[in-house]
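Heads up: the sequence lines are chains A and B, in that order.
Heads up, the first sequence is in numbering that gives the first Met the number 0, so the first residue is 0 and it goes up one at a time.
Heads up, the second sequence is in numbering that gives the first Met the number 0, so the first residue is 0 and it goes up one at a time.
Honestly, the hints are just simulated from the structure, not real lab data.
Any given hint might turn out to be false.
In this list, chains with the same sequence are indistinguishable; a pair is considered to hold if it fits within one copy or across any two.
Derived BS3-like pairs (lysine-lysine); straight-line CA-CA distance at most 25 Å [as the list claims (entries may be wrong)]:
| no. | residue 1 | residue 2 |
| --- | --- | --- |
| 1 | Lys168 | Lys430 |
| 2 | Lys130 | Lys91 |
| 3 | Lys125 | Lys91 |
| 4 | Lys302 | Lys449 |
| 5 | Lys285 | Lys406 |
| 6 | Lys66 | Lys130 |
| 7 | Lys27 | Lys281 |
| 8 | Lys285 | Lys251 |
| 9 | Lys406 | Lys359 |
Quick caveat: nothing in here was measured; it's all calculated off a predicted structure.
Residue-level listing of the chains:
There are 2 protein chains.
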Amino acid sequence: MVQGNRKIFLSEQEIPREWYNIQADLPKPLPPPLNPATNEPITPDMLSPIFPMNLIEQEVSTERWIKIPDEVLEKLLLWRPSPLCRAYGLEKFLGTPARIYYKNEGISPPGSHKPNTAIAQAYYNKVFGTKRLTTETGAGQWGSALSFACNQFGLEVKVYMVRVSYDQKPYRRIMMEAWGGRCVPSPSPDTHAGRVYLKDNLDHPGSLGIAISEAIEDAVNSKNTKYSLGSVLNHVLMHQTIIGLETEKQLKIAGEYPDVVIGCAGGGSNFAGIAFPFIRDKIHGKDIRIIAVEPTSCPTLTKGPYVYDFGDTARTTPLLPMNSIGHQFVPAPIHAGGLRYHGMAPLVSRLLQDGLIEAKAYAQLETFQAGIHFARTEGFIPAPETDHAIACVIDEAVKAKEEGKEKVILMNWSGHGVIDLASYDAYLSGKLHDYIMPDEDIEQLVCELKRC
Amino acid sequence: MVQGNRKIFLSEQEIPREWYNIQADLPKPLPPPLNPATNEPITPDMLSPIFPMNLIEQEVSTERWIKIPDEVLEKLLLWRPSPLCRAYGLEKFLGTPARIYYKNEGISPPGSHKPNTAIAQAYYNKVFGTKRLTTETGAGQWGSALSFACNQFGLEVKVYMVRVSYDQKPYRRIMMEAWGGRCVPSPSPDTHAGRVYLKDNLDHPGSLGIAISEAIEDAVNSKNTKYSLGSVLNHVLMHQTIIGLETEKQLKIAGEYPDVVIGCAGGGSNFAGIAFPFIRDKIHGKDIRIIAVEPTSCPTLTKGPYVYDFGDTARTTPLLPMNSIGHQFVPAPIHAGGLRYHGMAPLVSRLLQDGLIEAKAYAQLETFQAGIHFARTEGFIPAPETDHAIACVIDEAVKAKEEGKEKVILMNWSGHGVIDLASYDAYLSGKLHDYIMPDEDIEQLVCELKRC
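Based on the sequences and whatever the hints tell you, model everything.
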């Protein structure tokens, strides 16, 4: 009667010792980021005012396996290896012959996959001699993960948090402060970029674009200070591959191999984390589907073109080769704050071009319905971002039922929704809406992009 | 360099199959609860309007080991066995030779140890034929745990939540609703007990005493409905012993045995959960200290007499033999909502009388300071209740340093503080105060008690 294999644990000794760098296996190499002023490739030196050289080296490396330093492993062991869980309850509810596995990244101190890279970035900065990091955060997942990581390595951190989130969602700000981080609402009076917006409107709600500009300006102008980014870049995605590498080992223990791998995708890091090791198998001939899931309100992969675009609204970053719906894009106010980014990681975008991954988009209401199904079967309440992956898992499991197929479905359960309960309240009381980008808007954005 | 034993996991196959019932090993048997009208012992029959007979049997059983039903184990496996963690970071910060272990009960879906008994109670009610449960909740930990458990077994649940918490702390209410539970502010218009208070004041802030009266009235007057309590009673404490039984196995794997076992104590269930299996060893001669930690604002064990008192303010329960500072006691507004109960579980009270456990009280500011130390060393942010245990752990670890002794300190990390971040905000911004009950107030309460 008692299921003996609901959760598959790895011992601490079994934690992966290397990250997987998918750049070594890409069918076509990644196009370089470009300097917007010259349209020439960016050189590592040009990134050195904002990133430490050891991370820039990782960003451009094509080594397949990169050793995880012992000091990083030691911190990751605070919560890793994370359990791989069989969703018996959800399977039963759906009446599916599919076997559903979810990798629970919600058990980390900040409650998501984000600290996998935050810990690594804090470490490399520490080794490089950085004393202080700056970053931006929207809803606060990344800012809290970096505060946690900087606290572990004794670095100072300043987080520029979009003011509307700072005011409306204080829990993430408090979390940062509990770990000794400093968090200010953006636009702030502390930078030139911030003051420009405050001059016209002291209550300016802010945006991720403004916050990025502030964090970069601060890093460039302050002593021993660097900037840190929580997704999109190659090294960030690589740090997340520990998720998929652990999962490979865990599935082997269970005697399973996935037919489908599913992750939600905002900037691309949690999707990459679970998917990249399996994409390697696919490149080597394995028959496996890999699905990135995004919101219909921000359909970067499903509707955006593959172009060179800025990483931020304020046009301060290099041009990145990626799927984008335009750096001027203003996302609808969906609750999955981590999926409201206009672009997609160059690596994930490249894999879509090469036909190695698929992309699907879901509207908000369906994702919250999926999250409630999950909470009422498996117990754990997922983050609104994670709900997107669950919606796709449910679709695939129902399809397996219709086809009478015993499929193995694997998903990245990227984080818990305990701090996002207000969004479930809005859903359960019928106050949420769907946002689906009209095709005309997409066409107009694409048209603007081609001019950029 | 990499620590290989930060977390000790048990496999699912190693989960304990029996609960430990300390009633079998008590030096003196527990005095019976009394009927307040007659001062005669309560019989099982008299409890049957509010509890199912299978749980009443557990309440009075003196069998040492009680089999955990497979159906209960299957649900506990959603998150159990929970990891036992070595607090290397905290040890290093304190510079102590002590080895500190914490049992992480914060990983359950509601985030605390509470579902260990909620699952068991929902199961036994289901088997008994109960269709619906009622309960009260203060800050919401228990109400959310019972909602989760009832959802797992397909029972309806109605939670009467103290109105001031219902209004000020909506996250726990939303959590209950996410699991399909119904939560109403108490006093409510749904019961006679509630209407009495609403008549005079539509905005009555409520109290745990009123909420208990409402939940019991509802259970007694509704079809197929029983009442459920989250602490204090013998069977509730027994369901929590799975914590200590797992820990015994985990410490054996680590080759350790504790010198000190520490848990915070409100009603007594999380303390009992980790402590009872080790108290058994102590009864059989083992040299081990067991410390229950409470707030100075509600010093039940450290200042309250051992008497017969009501379990609730409204005097609807039997008289229980316990340490109490009086059922009329109005607790100071400390943030550790789970530690504001006027009484203490009869089993825990009895063990204090028999000299098998010690009790210590800590003031609020010291506990939050301890919680911040923990968050900044081990990463995880503890619940304000858990902070009490941590404050005591730190004291014991510092003492070990002063004495130059290699002590093993074990604590129950009863829950995470992610929904309690507002209390950390108040602490970090200097807005919290200490509440220490003056001795005169205690004397007056004790004097009133002796008359009851």
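### Task
Any hints from earlier that this structure breaks? Give me their numbers in increasing order, please.
none
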